[in-house]
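> Could you put together the complete structure from these sequences and hints?
From first to last, the protein sequence lines stand for chains A and B. Yeah, the first sequence ends on 383 if you go by our numbering, and it's all consecutive. Yeah, the second sequence ends on 664 if you go by our numbering, and it's all consecutive.
Some clues are possibly wrong.
Sample of chain B residues facing chain A (criterion: CB under 10 Å; computed from the structure) [to be verified]: (1) L422; (2) R426; (3) D446; (4) N448; (5) I460; (6) Y645; (7) Q654.
These are computed hints drawn from the structure, not numbers from a lab. Every residue gets a Cβ at the ideal spot worked out from N, C-alpha and C, and that includes glycine.
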Amino acid sequence: MREESRVQFMQGNAALLEGALAAGADFFAGYPITPSSEIAELASRRLPARGGIYLQMEDELASMAAVIGASLAGRLAFTATSGPGFSLMQENLGLAIMAEVPCVVINVQRSGPSTGLATRPAQADVMQARWGTHGDHSAIVLCASTVQACYRLAARAFQLAERFRHPVVLLADEVVGHMRERVVLDREEQARGARRRMPNCAPDQYRPYQPEADGVPPLAYFGSQYVFRVTGSMHDERGFPCADPENAARVIERLSRKIQDNAPEIWSWSLWGTPEPEILLVSFGAAARACRAVVEEYTQKGHSLGLLELETLWPFPAPIVRQAAARARLVVVAEMNLGQMRGEVRKAIPDRIPVLGANRFDGEPLTPGDVRRCLQESGEKSC
Amino acid sequence: MLRERALSYLVTERFPVFWCPGCGNGVILGSIARTLARLGLERHQVVVVTGIGCWGKADDYLDTNAIHGTHGRALAIATGIKVARPELTVLALMGDGDCATIGGNHLIHAARRNVGVVAVVSNNFNYGMTGGQYSATSPPGATTSTSPYGNPERNFDLCALAEAAGANYVARASVYHVRLLDRLLMEAFSHPGFCLVEVLSTCPVYFGRYNRLGGPAEVMRWLASVCVPRERYETLVAQDREGKFPIGKLVERRRPPFSERYATLQARARQLVQQQPPPER
Ligand SMILES: Cc1ncc(C[n+]2csc(CCOP(=O)(O)OP(=O)(O)O)c2C)c(N)n1
Ligand SMILES: [Mg+2]
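Pasting the structure below:
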């Protein structure tokens with residue numbers, strides 16, 4: 001990046017890469033797949049000259065594995081993929097969760113299941129990003145709706161990964177990944193580069209799974225003075241296998257609580273239109289763009305309509321949703337799937353408030369018309 | 384002396400080892416510890432990557448850096464580590480299931496890339512950990528817990544596979560041939576690029592029992608009887624080679640390892656970017 005050109009007109013996928021670089025990312029391993037391939041291509045172009053590494057692996061199982069290895073060797077490591085590849089990554093995403101290895105996985109969503117509509121957008125991996133790998137666990141999942149957000153959240157993803165010693169999934173979709181918008185490549189993002197919480201004890205005292213007060217254990221790297229072991233098997237604080245039920249319960253609980261208990265630190269969202277509106281839209285990613293247009297149109301006409309746009313999908317920001325819906329008599333969740341987030345919103349707010357869905361799952365982007373139609377069909381006379 | 388130094392690389396507090404009586408894994412573990420000691424490698428400069436299986440538990444006993452990962456993925460993890468930090472000595476310890484079967488794709492690509500990882504494969508001809516099912520190295524016709532009527536599949540020659548895929552160093556020994564194993568590991572640990580040492584091993588509890596090979600001692604004798612020094616193996620006619628394994632050093636190449644190639648690429652990229660930054664998308 002030439003220094004003079006901080007304001008750019010750029011593709012979402014390119015901004016995702018720039019955000020990663022701004023955070024200090026220096027290792028990419030991946031396997032090309034539409035609509036994420038530009039990230040791999042740009043990584044192959046940008047990383048080597050900066051001393052970074054672009055590694056094209058034989059598949060996404062291997063990509064995720066190599067990312068974990070590189071992170072343990074002290075690199076800020078990431079990969080980018082879409083549905084079929086994201087499915088293959090679930091195995092080693094679980095390893096990253098259990099072994100507590102920070103890394104970033106970008107999933108530019110496309111229509112599924114399986115090969116589906118390979119070049120068309122969807123937001124149907126919301127639940128896979130939460131529960132795709134087996135076993136009890138928590139997840140950190142972010143979602144970008146603009147090219148600027150791609151840049152900002154990519155950098156943020158690395159900060160959160162290192163902060164919580166946890167893999168972070170950053171969702172985009174074909175619309176956001178391929179659209180071009182103005183983006184400011186903010187130098188401050190660079191100053192906020194992701195940093196690892198290294199142990200500061202004597203090397204022979206280091207226990208790779210001994211948590212600090214916030215539930216997160218410091219992580220050294222292979223090759224440092226700290227000799228340590230990590231594992232995907234149940235383990236004690238030294239990383240040795242341990243079948244003691246009390247220990248297992250403690251580990252499983254900590255892995256979830258280190259995220260849940262610190263969730264407010266992870267949550268980010270934005271509010272549009274009428275504050276504490278009578279009709280609340282909840283959305284994220286590309287679908288939120290359609291909602292914004294509807295909010296503008298309706299508020300101009302004097303309706304009490306607002307949008308809560310979620311950037312953090314998991315841990316689910318239930319208190320934020322509850323707060324935004326405090327005066328609502330109707331909530332509409334707009335998403336490009338059959339209603340994956342709607343259930344979460346339903347759980348978060350009082351039963352008396354109806355929660356409807358504005359959904360699209362035909363491989364086409366959700367439009368303002370889709371949201372408008374939902375409002376009109378809701379029986380809301382004012383709409 | 385060597386014994387003490389070798390022991391210093393082992394987590395002896397976790398002894399006795401988890402493996403069954405008569406299992407060959409302890410022999411391989413000992414040979415690895417001696418090799419680390421002979422080379423005087425520093426513990427923090429060594430990373431052991433294991434898959435899942437009986438041999439996949441070897442990292443429990445090695446006092447180095449370690450990651451115990453997922454079944455079949457050890458080489459992909461090891462690739463990430465080695466490429467990220469080429470100065471580390473990276474060992475991938477895998478069973479035949481791990482390396483040749485579920486992880487077969489990672490094996491051929493690690494060899495093709497010639498990434499500087501030493502793969503030490505404990506080939507006990509079956510999936511020991513899960514109760515002795517057949518793997519990609521179980522001989523055709525062999526009885527296992529999932530081939531009660533005989534294995535219908537042909538087996539891989541793991542060393543030939545690694546050679547064809549591009550490995551820089553390939554060798555085979557058995558847990559009966561310990562001195563040979565020590566020598567081959569010394570060579571592999573000091574050789575740049577991808578190195579694979581296949582160690583034929585005993586699993587008296589499953590493979591031995593299902594195939595009526597007898598107790599641990601008899602299984603060891605059987606193993607000795609199927610191993611033929613490479614030079615002699617080459618003089619055998621095809622018919623006599625059936626069921627036999629050439630042992631010794633099989634391949635020694637000097638192709639540049641991945642990290643060397645990548646460093647060159649990085650230098651070229653740096654130069655090009657300075658001359659003319661690539662156009663932005
Ligand atoms: C993805 C996956 N599939 C299956 C298993 C079950 N499993 C654990 S170890 C193993 C086979 C191990 O065989 P091998 O690699 O030869 O090692 P050995 O136990 O013989 O040393 C299998 C099938 C698993 N852990 N993960
Ligand atoms: Mg085996």
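> Each hint: holds or not?
Hint-by-hint comparison with the structure:
no., hint, verdict
1, L422, "17 Å, violated"
2, R426, "5 Å, holds"
3, D446, "7 Å, holds"
4, N448, "5 Å, holds"
5, I460, "4 Å, holds"
6, Y645, "7 Å, holds"
7, Q654, "9 Å, holds"
Checked against the numbered hints given earlier, this structure breaks only hint 1.
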